[in-house]
Amino acid sequence: MENKNTQANEKNNEHASSSLERNELHNTIWKVANELRGSVDGWDFKQYVLGILFYRYIS
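The opening position of the sequence shown corresponds to residue -4 in this note's numbering, with each subsequent residue numbered one higher.
There could be a bad hint or two in this list.
Quick list of the computed label-pair ranges, beta carbon to beta carbon [stated by the list, open to error]:
id, residue 1, residue 2, range
1, GLN42, SER13, 25 to 31 Å
2, SER12, VAL35, 29 to 35 Å
3, PHE49, ASN22, 15 to 21 Å
Straight-line alpha carbon distances no greater than 20 Å define the calculated EDC-like cross-link-like pairs of lysine to aspartate or glutamate that follow [to be verified]:
id, residue 1, residue 2
4, LYS26, ASP36
5, LYS26, GLU16
6, LYS26, ASP39
Keep in mind that the hints were calculated from the coordinates and are not lab data. Even for Gly, the Cβ is constructed at its ideal location relative to N, Cα and C.
With the sequences and hints as input, model every part of the structure.
Structural data, given as structure tokens:
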């Protein structure tokens, strides 16, 4: 019984870690998008946005 609890706790920790990494990735992607928005022409910006959206889709 104790072994099952240990395995469940490890699984929950992995899920929390994965969720944290995903949130960090999400925040980093938006930070980069916000930085590029000011320094890149609007027409070129869409190329960056499409790349970011594709990366977000596959992650």
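How does the Cβ-Cβ distance of SER12 and VAL35 compare with 29 to 35 Å: does it lie in that range? Given range 29 to 35 Å: holds, Cβ gap about 34 Å.
Given the hint that LYS26 pairs with ASP36, does the C-alpha gap stay at or below 20 Å? 17 Å, holds
Could you grab the alpha-carbon distance between LYS26 and ASP39 and see if it respects the 20 Å cut-off? 18 Å, holds
Determine whether the Cβ-Cβ distance between PHE49 and ASN22 falls within the hinted range of 15 to 21 Å. 18 Å, holds
Lying within 25 to 31 Å: is that true of the beta-carbon distance GLN42 to SER13? 30 Å Cβ-Cβ, so the 25 to 31 Å window holds.
CA of LYS26 to CA of GLU16, is that 20 Å or under? With Cα atoms ~15 Å apart, LYS26 and GLU16 stay inside 20 Å; holds.
The earlier numbered hints are all upheld by this structure, with none contradicted.
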